[in-house]
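Student: Sequence:
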Amino acid sequence: MRQPLVRVTVVRAEELDAAALAAVRGVDLAGLLRWCGDVLAVPPRAVLAVRLTDDAELSRLNSGFRGVEGATDVLAFAGDGRDRVGDIAISVERAAAQAEVNHGDVGAELRLLAVHGMLHCLGHDHAEAVEAAAMTAATRRLLPGETVPDLAAAATED
Numbered sequence: 030m031r032q033p034l035v036r037v038t039v040v041r042a043e044e045l046d047a048a049a050l051a052a053v054r055g056v057d058l059a060g061l062l063r064w065c066g067d068v069l070a071v072p073p074r075a076v077l078a079v080r081l082t083d084d085a086e087l088s089r090l091n092s093g094f095r096g097v098e099g100a101t102d103v104l105a106f107a108g109d110g111r112d113r114v115g116d117i118a119i120s121v122e123r124a125a126a127q128a129e130v131n132h133g134d135v136g137a138e139l140r141l142l143a144v145h146g147m148l149h150c151l152g153h154d155h156a157e158a159v160e161a162a163a164m165t166a167a168t169r170r171l172l173p174g175e176t177v178p179d180l181a182a183a184a185t186e187d
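So for the sequence shown, this note's numbering puts the first residue at 30; every next one is plus one.
Worth flagging that the hints you see were computed from the coordinates, not collected in a lab. Keep in mind the model is a prediction, meaning the values are calculated, not measured. There could be a bad hint or two in this list.
What follows is a set of in silico ranges between Cβ atoms, one per label pair, in the way DEER data are often shown [unchecked claim]: (1) Gly110 / Ala51: 33 to 43 angstroms; (2) Ala51 / Asp109: 30 to 40 angstroms; (3) Gly133 / Arg170: 37 to 47 angstroms.
Ideal Cβ placement from N, Cα and C applies to all residues, glycine included.
Whenever a hint applies, use it, and build me the whole structure from the sequences.
Tutor: Take a look at the structure:
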C-alpha cells in the first residue's frame, strides 16, 4: 500500500458542542484520507496533518494566511509533495452548521471537507469553472454515494 501517514488532532474540544464532538469521534478521517492517498498515488509515508477545531481558530488562520476576515469551513496548506502532503484545518462548528442545512449528517460533512482539503493540498482548485469541475469529479470519485456539491456551479456564481 502507498498510504500516507495521516495525523488527525482535535483541538479546542472544550469549545465544541457535544453533538459535534460525538460526530468527530464517529468518523474515521485518518482511514478515509489514507485510502484517498492510495487512490491519488500520494508518496508512501508522506505526512498529512488534519486539525479539527472551531470557528474562532479558522477565523484567525483565514485572516493570518489569506487576509480574509471571518471563519471558513476548511483551509489547506500544501506541503512539499514528497514527504509532506500538507496541513488541513477544519472548523467542526462550521461543518455541523453546514450539515444541518444540507443533509443533516455531520460525519458526511467532515468527510467532504477532509477530502476537499486534501485535494487542495495536492494542487486542485475551484476558482475557475474548468478546475472546479475537475475537483468536483475527483471528490465524487473519492466519496461515492455521498452528496457532493457542484463546485463548478459555485465558481460561475462568483
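Student: Is 37 to 47 angstroms right for how far apart the beta carbons of glycine 133 and arginine 170 are?
Tutor: At roughly 24 angstroms between Cβ atoms, arginine 170 and glycine 133 fall outside 37 to 47 angstroms, so the hint is violated.
Student: Given the hint of 30 to 40 angstroms, is the C-beta distance from alanine 51 to aspartate 109 inside that range or not?
Tutor: holds (35 angstroms)
Student: How does the Cβ-Cβ distance of glycine 110 and alanine 51 compare with 33 to 43 angstroms: does it lie in that range?
Tutor: holds (35 angstroms)
Figure legend: structure checked against the earlier numbered hints; the only hint not met is number 3.
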